[in-house]
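> Here are the chains, one letter per residue:
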Amino acid sequence: MRTGRVQPWLFIGPAVGLLVFFLVYPSIYTIFLSFFYGMGESFAGWANYVHVFTDRTTLTAFRNNALWVVVFTTFTVSFGLAFAVLLDRVRYEKIIKSIIFIPMAISMVGAATIWRFIYAFRPEGSPQVGLLNAIVTGFGGQPVGWLTEAPWLNNFLLIVVGIWMWTGFCMVVLSAAYKNIPRELMEAARIDGANEWQVFGKVTLPSLKPALAVVATTMVVFVLKIFDIVFVMTDGLFGTEVLANRMYKEMFLFMDFGRASTIAVILLLLIIPVMVFNIRQFREQEMLR
Amino acid sequence: MSRKFLTVSLVVLLAMMLAACPAPTEVEVPQRSVSMAVLWAGEELEALLTTLAPFEQRTGIDVVVETVGREMPVVLLTRVLAGIPPDVAAIPNPGQMREFAEMGDLVSLNGIVDLVDHPKAFLDLATVDGHIYGLFLSADLKSLVWYSPKAFAAAGYEIPTTWDELIALSEQIVADGKTPWALGMESGGATGWVGTDWIEDIMLRTAGPELYDKWVNHEIPWTHPAVKKAWEHFGQIVLREDFVDGGTVGALTIPFSESPNALFTDPPRAYMHRQATFIQHFILEANPDLVPGEDFSFFVFPPISPEHGTPLLGAGDLISAFRDTPEVRELLNYLASAEAQGIWVGELGKLAVNRNVDPAVYPDPLTAKAAGLLAGAEVFRFDASDLMPAAVGAGTFWSGVVDYVGGTPLDTVLQTIEASAIDAYGR
Amino acid sequence: MMDKLASKLSRGLLHIVIIILAVAWMLPTVGLLITSFRPPAEVAHSGWWAVFEHPFSFAQYTVENYVTVIGKVGMGRAFLNSLIISIPGTIIPVTIAAFAAYAFAWMKFPGRQFLFLLTVALLVVPLQMTFIPILRAFTQLGIVGTFPAIWLAHTGYGLPLAIYLLRNFIGGLPSELFDSASIDGASPLQSFFRIVLPLSVPAIASVVIFQFLWVWNDLLVALIYLGGTPDVVPVTLQVANLVGSRGQDWHLLTAAAFVSMALPLVVFFSLQRYFVRGILAGSVKG
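Chains as they are written, first to last, in our numbering: chain E, 1 to 289; chain Z, 1 to 427; chain U, 1 to 286.
Just so you know, these hints were derived from the structure itself, not from any lab. Please read these numbers as outputs of a predicted model, since none were measured by experiment. Any given hint could turn out to be false.
Claimed, not checked - With a straight-line cut-off of 25 Å between C-alpha atoms, the simulated DMTMM-like cross-links for lysine to aspartate or glutamate are:
{"#": "1", "chain 1": "U", "residue 1": "Lys-72", "chain 2": "Z", "residue 2": "Glu-347"}
{"#": "2", "chain 1": "U", "residue 1": "Lys-108", "chain 2": "E", "residue 2": "Glu-284"}
{"#": "3", "chain 1": "U", "residue 1": "Lys-8", "chain 2": "E", "residue 2": "Glu-93"}
{"#": "4", "chain 1": "Z", "residue 1": "Lys-178", "chain 2": "E", "residue 2": "Glu-124"}
{"#": "5", "chain 1": "U", "residue 1": "Lys-8", "chain 2": "E", "residue 2": "Asp-192"}
{"#": "6", "chain 1": "U", "residue 1": "Lys-4", "chain 2": "E", "residue 2": "Glu-286"}
{"#": "7", "chain 1": "Z", "residue 1": "Lys-228", "chain 2": "E", "residue 2": "Asp-55"}
{"#": "8", "chain 1": "U", "residue 1": "Lys-72", "chain 2": "Z", "residue 2": "Asp-364"}
{"#": "9", "chain 1": "U", "residue 1": "Lys-4", "chain 2": "E", "residue 2": "Asp-88"}
{"#": "10", "chain 1": "U", "residue 1": "Lys-72", "chain 2": "Z", "residue 2": "Glu-66"}
{"#": "11", "chain 1": "U", "residue 1": "Lys-8", "chain 2": "E", "residue 2": "Glu-187"}
{"#": "12", "chain 1": "E", "residue 1": "Lys-209", "chain 2": "U", "residue 2": "Glu-176"}
{"#": "13", "chain 1": "U", "residue 1": "Lys-108", "chain 2": "E", "residue 2": "Glu-286"}
{"#": "14", "chain 1": "Z", "residue 1": "Lys-120", "chain 2": "Z", "residue 2": "Asp-105"}
{"#": "15", "chain 1": "E", "residue 1": "Lys-179", "chain 2": "U", "residue 2": "Glu-176"}
{"#": "16", "chain 1": "U", "residue 1": "Lys-72", "chain 2": "Z", "residue 2": "Glu-56"}
{"#": "17", "chain 1": "U", "residue 1": "Lys-4", "chain 2": "E", "residue 2": "Glu-93"}
{"#": "18", "chain 1": "U", "residue 1": "Lys-4", "chain 2": "E", "residue 2": "Glu-124"}
{"#": "19", "chain 1": "U", "residue 1": "Lys-72", "chain 2": "Z", "residue 2": "Glu-241"}
{"#": "20", "chain 1": "U", "residue 1": "Lys-4", "chain 2": "E", "residue 2": "Glu-196"}
{"#": "21", "chain 1": "E", "residue 1": "Lys-209", "chain 2": "E", "residue 2": "Glu-187"}
{"#": "22", "chain 1": "U", "residue 1": "Lys-72", "chain 2": "Z", "residue 2": "Glu-285"}
{"#": "23", "chain 1": "U", "residue 1": "Lys-4", "chain 2": "E", "residue 2": "Asp-192"}
{"#": "24", "chain 1": "Z", "residue 1": "Lys-150", "chain 2": "Z", "residue 2": "Asp-364"}
{"#": "25", "chain 1": "Z", "residue 1": "Lys-229", "chain 2": "Z", "residue 2": "Glu-241"}
{"#": "26", "chain 1": "U", "residue 1": "Lys-72", "chain 2": "Z", "residue 2": "Glu-46"}
{"#": "27", "chain 1": "Z", "residue 1": "Lys-120", "chain 2": "Z", "residue 2": "Asp-358"}
{"#": "28", "chain 1": "U", "residue 1": "Lys-8", "chain 2": "E", "residue 2": "Asp-88"}
{"#": "29", "chain 1": "U", "residue 1": "Lys-8", "chain 2": "E", "residue 2": "Glu-196"}
{"#": "30", "chain 1": "U", "residue 1": "Lys-8", "chain 2": "E", "residue 2": "Glu-124"}
{"#": "31", "chain 1": "U", "residue 1": "Lys-72", "chain 2": "Z", "residue 2": "Asp-105"}
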């Protein structure tokens, strides 16, 4: 296409300017701060990095973030894909889609409130206000302290809240992409004698690949800095700490900008594989033109 | 279609901008005003506005109250560092006040605010390097054990006057097939403070105020035998599954605000609840039919080592100033006065710090009794976790309690806190 | 014959699976809704499903919670504030992102890959780390506490995701479209308005929804750049202020959750019809 030298910059100029001001400049400042003690008092060398990689709570946060990235991404993307594909086949698609989407619209305070009423614990013999324990005791079991069952159960239960909230995002994006696959492609495969699973594997999945890449990238990036669910539900206690919550505490509660910045820098480094993956996708798309 | 969409959006956008832009200029009426950032919301905010009303009327100064809730630390720190702090702020605790004071951001109140009617103990708490940087609007008394006199009478239980009697009573209640303690500690992001209050109260009674102060200032390590002893006393109650409503899981997951309700079920699920004066508000909200003093009451947390007597533990609401203007001075003097504190505590059932507040303002006899106890305290100490650097006081001390109740060995817990303390105090 | 039976069975199974999942997804929201209509004393003493013991005894329901939330002084102003924040806070970033996405996808210029990569990387920057430097800059510009400040902030913070999503969509449009436009002598600006925008309506609609939701539900960014005084507070903050610092007034929080999600849902429903053709429409070729 005919594009001058200046024209592209007119298109991306405003975006680049804003990004540099709001995100690049603070990031550079953050990298700088990560090599200083406290609020920038004296040069720390690598001390903050050593601390972050040896501190027990931060190490727990690394483990939990890994758990979030794997479990949260897997489930939001698979559920989103399942809803996108399955709902296309039923007449009540719009209603169900709205139901799945509603959690995205609920504020974090509202979501936290309702999940408290699912995970709440009351002593045996007193009325259970938590749904899970009402079911457990209804079957004659002992009430369970769901959010204190470290380290696996409580983390998974927090991730469930995230999946509930964010599957709607994956569904909207994937469903739109699915509806755009030319139906003739699928029909042709069916006429060739492929069953539904084969159609899914040979036509649907390859066609959805770019959309899946986008959704998975967004989820991984989002969950790397997962904060609010943990902040309002456990605040990282009972072994549920995550990096962004740790960073928040170091920064605003303990006023240790050095350590908080170090955690932020590590988040930036963790994104590198995702960027490499995306640049490949980017090139692939352009090659096919 | 797209063009229409675009046009409509642009029109809406422009309209919004026009609607929005005049707003900031409108506010700048030439008027005397003070901005005040607080973490209070709901009823506390209402009470604050009621407290400020006579002041605004009399002086014509407009106090612009900004509620920032749980985000207080973020908002305060960012604004201070950006050079646009609020004129006046309710600081979460003396520990944080000290950090702002050391950064040179707070206004020294010496000679500005009349604090002669404030007890020395509270003035000392707000003093850094000889300067007073904060005034206490009110206080809460923490060394109280709440109980139901009717339930005690029905079961024939006596109010314990020593730690041994307290444990003996607990054992007796268990022997009667019931549960002695309601000890829910859940408090969202602040979970753990209920336990730190227990440990502080015990520490005052087993080690005495001098050692307590050394502990607060990290002049003795967390692994010191006296500290360990206080934790172990707490463990004698909290780690006993049959002592606590819901056992250790209950202690960790039942919200502190709902915990005392166990005292008022029929039959009672628990008999005792150690908590500060402000819990009365929650008791009455969940059980509006109860009469303070009749259906529920409190006794003072009993002494442990006789030589240290019955010291009292408390906390308070602290106000500091980031700017020194005539309006700020007037407001601070008002908030320190018996008039303002009388309104504030009368609304909320808190305890006044100014000595001249008329005891008649207290809404009920229990609060008045607590105020009397506080005024007559021989030894009073402030909540230690509020005085320590936040990394310990609102960090590892809280999470340490949670770990301890969750089953982590005490030595491990104390070593973890000590490591963070060396780090935090060293700075 | 057997085939038909098998197909009927699998359709039945499909319906069952979908309905089970939908019910599971709805359960928390239903609980939230029921709780919002229960008096505080009952909320504390029994679970929300207790209403199903006598679902039609209406004495157990109350609208008091909603009356309290909606009737709170300043709630109307807060709604207006939220709109003033959210509408430009959505339109500005999506517009800027659309232009940038188009350039990233179809224009050749030096540093293009690097800049796009940078945009992806910026997705992960935790907002909290930007508050202090940005607020300092805003203070020097003298715009703290004004609505343009928060529009700018939401634009900056929303751009990476909006550019990322839109670039992937626009990059997937068939190249023939642009070739023919080019032959017709259309400038890039003309092809942007004539080809890209009309074809991207579904993608833009989705990005608008996500950005709107995020801005509408934001509390912290507003608090930092706009402050918490009554003339500027958004609904989220007004709701948070319903409850005392140590209080746990679940009955109010649940009602407030529904009050504050009403508008985002209206936006979702009104834009839902654009989703027929999707956000990544052109990407089938990938």
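> It remains to establish, for every hint, whether it holds in the given structure.
Okay, the hints, checked on the actual structure:
no., hint, in the structure
1, U:Lys-72 - Z:Glu-347, "holds (19 Å)"
2, U:Lys-108 - E:Glu-284, "holds (16 Å)"
3, U:Lys-8 - E:Glu-93, "holds (19 Å)"
4, Z:Lys-178 - E:Glu-124, "holds (13 Å)"
5, U:Lys-8 - E:Asp-192, "holds (22 Å)"
6, U:Lys-4 - E:Glu-286, "violated (44 Å)"
7, Z:Lys-228 - E:Asp-55, "holds (23 Å)"
8, U:Lys-72 - Z:Asp-364, "violated (28 Å)"
9, U:Lys-4 - E:Asp-88, "holds (20 Å)"
10, U:Lys-72 - Z:Glu-66, "holds (16 Å)"
11, U:Lys-8 - E:Glu-187, "holds (19 Å)"
12, E:Lys-209 - U:Glu-176, "holds (22 Å)"
13, U:Lys-108 - E:Glu-286, "holds (12 Å)"
14, Z:Lys-120 - Z:Asp-105, "holds (24 Å)"
15, E:Lys-179 - U:Glu-176, "holds (22 Å)"
16, U:Lys-72 - Z:Glu-56, "holds (22 Å)"
17, U:Lys-4 - E:Glu-93, "holds (23 Å)"
18, U:Lys-4 - E:Glu-124, "violated (52 Å)"
19, U:Lys-72 - Z:Glu-241, "violated (44 Å)"
20, U:Lys-4 - E:Glu-196, "holds (14 Å)"
21, E:Lys-209 - E:Glu-187, "holds (19 Å)"
22, U:Lys-72 - Z:Glu-285, "holds (19 Å)"
23, U:Lys-4 - E:Asp-192, "holds (19 Å)"
24, Z:Lys-150 - Z:Asp-364, "holds (19 Å)"
25, Z:Lys-229 - Z:Glu-241, "holds (20 Å)"
26, U:Lys-72 - Z:Glu-46, "holds (12 Å)"
27, Z:Lys-120 - Z:Asp-358, "holds (19 Å)"
28, U:Lys-8 - E:Asp-88, "holds (17 Å)"
29, U:Lys-8 - E:Glu-196, "holds (14 Å)"
30, U:Lys-8 - E:Glu-124, "violated (46 Å)"
31, U:Lys-72 - Z:Asp-105, "violated (35 Å)"
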